[in-house]
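Residue numbers (the working numbering), protein chains in the order written: chain A, 1 to 336; chain B, 1 to 288.
To be clear, the hints were calculated from the coordinates, so they are not data collected in a lab. Possibly wrong hints are sitting among the right ones.
According to the in silico footprint, chain B covers these stretches of chain A (three or more CB under 8 Å from chain B) [as the list claims (entries may be wrong)]:
1. 70-78
2. 85-95
3. 128-135
4. 307-316
With a Cα cut of at most 20 Å, we get these calculated EDC-like pairs of lysine to aspartate or glutamate [to be verified]:
5. A:Lys241 to A:Asp37
6. B:Lys91 to A:Asp203
7. B:Lys91 to A:Glu205
8. B:Lys91 to A:Glu310
9. B:Lys91 to A:Asp166
10. A:Lys241 to A:Asp166
As the structure is a prediction and not an experimental result, all values here were calculated from the model. All C-beta atoms in this analysis are idealised placements derived from N, C-alpha and C, irrespective of residue type, glycine included.
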Amino acid sequence: MTDLPLPPTSRHAPVVFGRTIVIALVALAVSAPWLTDANALQLGTQFLCLLTVALMWNLLAGYADILSLGQHMFIGVGAYAFYGLAANLSVMPHIAIPLAGIIALLAALPVVFVVFRLRAAYLAVGTWVVAEVFMLVAGRIPGFGLGTGTSLPLSTAKAMGATALDRAVSIYLLALAVALVAWLGTWMLLRSRHGIALMAIRDNEEAASSLGVNLIRTRLGVFLWTAPFLGMVGAITALQKMRISPTASFGFLDWTVFVIFIVVIGGIGSLEGPLIGTIVYFALRYALSDYGTWYLIVLGGVSVAVMLVEPRGLWALLRRWIGEDVIPVSHRAPKQ
Amino acid sequence: MSEFYINVVLQGVLLGGLYALFAIGLALSVGIVRLVNIAHGDLIILASYVLVVLTQSFGLPLWLSFLILVPLMAGFGYVLQQGLLRHVTDKGMLPPLLVTFGLSVIIQNGLLEGFGADTRSFSGGALQTSTWQLAEGIYVGALPALTLLVAVVLIFAIDRLIYGSHFGARLRAVSEAPATAALVGLRVNRVHALALALVGATTAVAALFMGLRMNFDPLSGPGRLIIAFEVIVLGGLGNLWGILAGAILLGVAQSVAGAIDVRLQVLAGHLVFLLIILLRPQGLFQRS
């Protein structure tokens with residue numbers, strides 16, 4: 001999974017076109033509250049939440065060589081933390097969401113300690129086991145609805161706005177803020193010296209280590225980096241659905257299976273991939289919504305085909321035409 | 001009261017027999033093909049549904065259906081490796097994991113589409129109901145005892161196959177040094193495919209005893225995979241008898257916790273697993 005080489009020429013039409021699309025999408029996302037209705041905004045919130053989770057999963061799998069099947073644990077922790085703060089302690093939702101992110105980060109500390117005892121492929125299933133433990137424990141905490149879950153109080157909803165549209169707008173803006181911070185933060189992380197260390201590890205572990213990169217600390221750091229964002233997504237989703245439950249809040253299908261398909265189809269190891277994958281996912285969901293299980297069979301089949309034909313996904317195909325990253329992660333060599 | 005706990009521990013040991021059957025195939029995938037097969041549990045469930053078709057749609061007796069199932073699953077394993085997994089076997093960590101992950105979702109939803117979400121099980125007549133009294137107040141079910149016996153025999157047979165036969169020498173060669181094995185003329189892909197055929201045959205055995213003992217539905221695969229995975233990590237990789245020990249440990253942990261509070265059963269198994277990898281990440285029986 002090495003980076004594709006940078007082309008000798010720079011700035012030609014397709015890159016400008018690609019960047020225009022990204023900027024237009026961001027502008028569209030920011031102006032959406034003034035353009036659409038509550039239903040569209042709810043769909044937009046789901047899109048932004050899934051995009052953030054895909055970005056984080058991709059950061060782990062595509063840059064840190066950590067394949068996790070258990071990142072949904074932090075979504076669930078965020079949802080439960082949000083319920084505890086907003087419903088049980090009456091904290092304002094806008095404050096409870098970042099706090100839920102911090103609680104997810106705190107929960108990640110012992111998790112890292114355990115799962116990083118396992119290497120590579122074993123870590124993948126190990127994180128899944130830990131996620132199961134979190135889910136089973138969440139179903140036994142008194143005051144959180146036990147195994148069946150519980151609804152958030154009406155006062156939490158009212159704190160988000162008087163009408164359904166007001167609430168949809170505030171929740172959407174929160175999701176947009178989290179997605180933008182996650183995106184910009186991760187981009188800056190990848191362009192920083194930590195990001196360079198990360199890509200060096202991914203491309204050649206021994207060489208990176210001999211040049212002084214601390215393998216374990218770098219990987220642990222990235223794993224921890226993802227936790228608060230996932231926690232905040234969990235909190236926003238709980239706020240949107242006005243409900244928490246062990247099986248839904250720690251949903252393996254929603255927050256790990258679909259996310260893996262999104263990243264694999266869009267393109268592992270790029271910042272563009274998760275965006276393309278999320279768009280394709282929502283388009284497929286719309287097109288195949290009447291076919292139930294076939295929809296999952298198609299997603300599974302497509303992602304297996306992608307791994308066999310072009311492991312770096314749709315983005316790799318597009319990039320051949322565009323010629324360079326639309327969201328540049330690599331540093332350009334200084335001109336002679 | 002002590003008889004109660006002896007029974008509970010004994011049942012845990014016997015449950016370990018079933019868990020060992022889940023794990024043997026995964027241990028072979030990991031040990032020989034270096035494949036952590038995310039779809040392993042789903043292969044077991046797929047085999048169970050083939051048994052459902054053979055017994056219910058074709059009306060065959062269970063023993064005959066099982067005799068047909070073993071070569072069917074072995075053939076499926078062979079074809080799976082040659083047709084699909086071969087292309088990702090030596091491509092690093094991500095591709096094999098992600099391809100088997102996709103396969104897992106396809107099998108689950110294919111079974112849901114074909115059979116619906118109802119739970120199923122097999123009827124084994126007297127085997128499921130008879131119990132033996134070992135001592136005053138201490139009982140063993142015939143089916144769990146047979147399951148453990150089959151697990152022990154299967155592990156013994158595979159151990160002899162790997163360490164005592166010409167074919168086993170080839171399996172070990174491609175496991176330890178695939179490039180060198182290819183240099184001395186071994187067809188690595190074919191040996192890998194034969195290893196997956198062996199895995200397929202073990203999933204048939206696991207499917208039979210699972211379906212006799214507990215209900216299953218199309219989405220039961222991941223639960224079986226997690227147990228198989230915990231067993232092989234606990235048992236230490238590259239040690240077939242370690243599987244039996246890891247499986248019994250997990251079975252006893254679940255059984256004891258289940259006797260205290262039935263809702264704790266699954267959680268206790270996971271917690272024992274996490275505790276042990278925290279203390280001994282190399283598994284119970286391997287030196288660090």
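Results for each hint:
Here's how the stretch 70-78 of chain A fares: 0 of its residues keep a CB closer than 8 Å to some CB of chain B, so the rule of at least three is not met and the hint is violated. Three residues within the 8 Å Cβ limit are the bar, and the stretch 85-95 of chain A against chain B gives 0, so the coverage statement is violated. Here's how the stretch 128-135 of chain A fares: 5 of its residues keep a CB closer than 8 Å to some CB of chain B, so the rule of at least three is met and the hint holds. Coverage of the stretch 307-316 of chain A by chain B holds [criterion: at least 3 residues with CB-CB distance below 8 Å; count 3].
A threshold of 20 Å between alpha carbons decides the hint, and for Lys241 (chain A) with Asp37 (chain A) the separation of about 17 Å falls inside it, so the pair holds. Taking the CA atoms of Lys91 (chain B) and Asp203 (chain A), the gap is near 13 Å; set against the 20 Å cutoff, the hint holds. Simply put, Lys91 (chain B) and Glu205 (chain A) have alpha-carbon atoms about 16 Å apart, close enough for the 20 Å limit, and the pair holds. A threshold of 20 Å between alpha carbons decides the hint, and for Lys91 (chain B) with Glu310 (chain A) the separation of about 12 Å falls inside it, so the pair holds.
A threshold of 20 Å between alpha carbons decides the hint, and for Lys91 (chain B) with Asp166 (chain A) the separation of about 50 Å lies outside it, so the pair is violated. For a cut-off of 20 Å, the pair hint linking Lys241 (chain A) to Asp166 (chain A) stands: about 15 Å separates their Cα positions.
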